[in-house]
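For reference, the chains in residue letters:
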Amino acid sequence: MGVRELDPGELRANVGIATQDVLLFSDTIDGNVAFGDPELPEDDTMKYAKLAAAHDFIRKMPEGYDTIIGERGVGLSGGQKQRLALARAMAVARPILILDDTTSAVDLETEAHIQSSLNRLEAPCTKIIIAQRISTTAKADRILILDAGRVIEEGTHAELLARRGYYYEVFMLQNEGIERQVAANG
Amino acid sequence: MARNKFDIDENLESPFDIRHFKRALVYIKRQKRPMIVALALSVLSAGIGLTAPLIMQHIVDVTIPAKTVGALVGWSALMLATIVISVALAAVRGRIMTSVGQDIIFEIRSDLFKHLQALSFKYYDDRPQGKILIRVVNYVNSISDVLSNGIINFILEILNLVFIAVFMFAVDVKLSLVTLAGLPVFALFLLLIKNKQRRSWQAVSNKNSNLNAYTQESISGVGVTQIFTRENRNEAIFTRLASNYRQEWMRAIHFNAMIPFTVDNLATLVTTLIYMVGLLALSPQDVTFGVILAMSSYAARFWQPILNLSNLYNGFVNAVAYLERIFETLDEPVTVKDAPGAKPLPPLQGRVTFDNVTFGYDTGSNVLENLSFDVRPGESIALVGPTGAGKTTVVNLISRFYDVTGGRILVDGHDIAQSTLQSLRSQMGIMLQDSFIFSGTILDNIRYGRLDATEEEVIAAAKTVRADAFIREFENGYMTEVNERGSKLSQGQRQLISFARTLLADPRILILDEATSSIDAKTERLLQQGLNELLKGRTSFIIAHRLSTVRNCDRIMYIADKGIAEVGSHDELIAKRGLYYKLYTAQKMEMVV
Chain L
1 MGVRELDPGE LRANVGIATQ DVLLFSDTID GNVAFGDPEL PEDDTMKYAK LAAAHDFIRK
61 MPEGYDTIIG ERGVGLSGGQ KQRLALARAM AVARPILILD DTTSAVDLET EAHIQSSLNR
121 LEAPCTKIII AQRISTTAKA DRILILDAGR VIEEGTHAEL LARRGYYYEV FMLQNEGIER
181 QVAANG
Chain Z
187 MARNKFDIDE NLESPFDIRH FKRALVYIKR QKRPMIVALA LSVLSAGIGL TAPLIMQHIV
247 DVTIPAKTVG ALVGWSALML ATIVISVALA AVRGRIMTSV GQDIIFEIRS DLFKHLQALS
307 FKYYDDRPQG KILIRVVNYV NSISDVLSNG IINFILEILN LVFIAVFMFA VDVKLSLVTL
367 AGLPVFALFL LLIKNKQRRS WQAVSNKNSN LNAYTQESIS GVGVTQIFTR ENRNEAIFTR
427 LASNYRQEWM RAIHFNAMIP FTVDNLATLV TTLIYMVGLL ALSPQDVTFG VILAMSSYAA
487 RFWQPILNLS NLYNGFVNAV AYLERIFETL DEPVTVKDAP GAKPLPPLQG RVTFDNVTFG
547 YDTGSNVLEN LSFDVRPGES IALVGPTGAG KTTVVNLISR FYDVTGGRIL VDGHDIAQST
607 LQSLRSQMGI MLQDSFIFSG TILDNIRYGR LDATEEEVIA AAKTVRADAF IREFENGYMT
667 EVNERGSKLS QGQRQLISFA RTLLADPRIL ILDEATSSID AKTERLLQQG LNELLKGRTS
727 FIIAHRLSTV RNCDRIMYIA DKGIAEVGSH DELIAKRGLY YKLYTAQKME MVV
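Those protein sequence lines, which keep their order, are chains L and Z. When we follow our numbering, the leftmost residue of the first sequence carries the number 1, and every step to the right adds one. When we follow our numbering, the leftmost residue of the second sequence carries the number 187, and every step to the right adds one.
Keep in mind the hints are simulated off the structure, nothing from the lab. One thing to keep in mind: the hints can contain errors.
Listed next, the stretches of chain Z that the computed footprint assigns to chain L, with coverage defined by at least 3 CB atoms under 8 Å from CB atoms of chain L [what the hints assert, rightly or not]:
(1) 478-485
(2) 546-552
(3) 571-577
For each residue, glycine too, the CB sits at the ideal point set by N, CA and C.
Given only the sequences and the hints, what does the whole structure look like? Please build it.
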């Protein structure tokens, strides 16, 4: 069924999105994570915050989950905001989850944690992940490379690397140095 | 004050302070001349208006019996003239006072805006924007009439009151005292409801502020609302806030309405008293019935200005609720400001020293503790570490967006706390993840870095940071119009433009906070070349997660646990096999072929 034929409200009720431009509200952390479902039990808020690797920094805040964060998430770092947006998107537990460059400002260790969380989500869920970093996309079932609105490459991480095309080039660019350094010292 | 959200009232605990009104008088005094003119015009207009009945009397008693047509036309024309002049003067007064009111709010608003621009990030971090906006726009509007016409009418009504009182006492002192007996009762009543009335108008301003904050936030966050299909819920919140406002308004109006009601009843009561005292207590020798009639009529006239004054009083109490908020904002201390005797920094070499720096956004929890390091001029420093460890805090402290809680930060040996903000920030370049593009041409956008740069200089800067090639691909090249959201440009292109802009400004110290994090891989190589050019000879602090950006830096600081956990060059840190090594081997991926 074409998305145009669906009622926008009904369509959106099936999609969870964390956008590139994180917009949070002047509310408690709990209220922000439970934005899509205000009746969400506190335990669940915490569960999703843990999945989004946000629990640790939230716990350290003066009032934990009840800390009021400023409008647009002022007072939080770029990576912290992104993780709250991620928790918010996961908390609605919808069949489709879209992550639009949601981990660009998150360090790599945290990102690895988030990726394993995404695989552990309870409900079956289609994940569409938009990213510039190969580390973000590597574990995906399928990777699409878009250029000017067209798919120019498609496949798994391994397949795309074997193709030695655009994806491979980016991979080499982003890994430049690591291989060399690790090899030299390892 | 704790951080505020949209549905928390910003309570003002201080008792009513007459100084608020005195401070408002400062603005009013600047309008002294037009206000005196307006007052004179009012008196003149009223005086001329009063001559009409006299002329009428003269026409009826003298001119008509004399049957002189010429005189009748003359007197009639004069009477018409008095009415026209009186109305014209009133109109001129209205115009003057509108302009006085607008001038007053113009000045208050300008002062508010000037002050808001000086306030630190913390002020903005702590409250929704809508609550700040409403003070500058709506609250200031609400006080214009009270501070202009309100003052004039107040003076006029007092004059009127004195005038009638003099007449009244001239006729009969005893009955005049009876009329005045209502005043202490009225004063007592005002005293009784004063606090409730003030609180209720404060509540109105709070609820109005909450409603405004929520509306504003809902508009800027409408995308998120639609994504999460939360429209119904938000509507319920909005309805609650709007009905809270309505409820408080009705309560405040209830107190306001009680005042004229009391005045009217007191006036009636006093009139009754005059009859009773006049007829029963005083002998007919003392007061004739004519005197009693005259006095009851004066009593009614005496209480009319009091009724008008009480309406002005209502307006005044209402305005005070807004004035308090306006002055509260104006009194908000500017935390980051030039220290007394602050000196401008000389042209900088770019040495940056942290000397035992401790800092926390909120008292009690420090983000950084006893941080010390020294950066040579021209050195590039990468700040890495877990998100939220304080990387952005370090760079915010260097640009003095916040002041350190303990220790010192020195630039070329000068304590930045003792230097002027302007001389510090004008020698720094700060680039964030989202580079701001103004509406205008690409040329204008680059030239923003230094307004007197020639076109050649702009192009040279763009070439240096590798922006020239993509700009020339546009049909209109450097003259291509771009808009605020920069939608014609990719993130990477916007970033390159911002590099060119910064290069043109030629700062000594550069800060890049995740400036390269959402750039597509194709642009990345270009960006890296552009960045290398930009960094040449400048001290730089770079926050990045990308290895390609970080590894070229002279030194890498791993920020964790409120300080520097590891520091060294990329090679040194990799060899050390510590936190940095761990962080970046996480990025290493298997070549599954």
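Results of checking the hints against the structure:
1. 478-485: violated (count 0)
2. 546-552: holds (count 4)
3. 571-577: holds (count 5)
Of the numbered hints stated above, the single one contradicted by the structure is hint 1.
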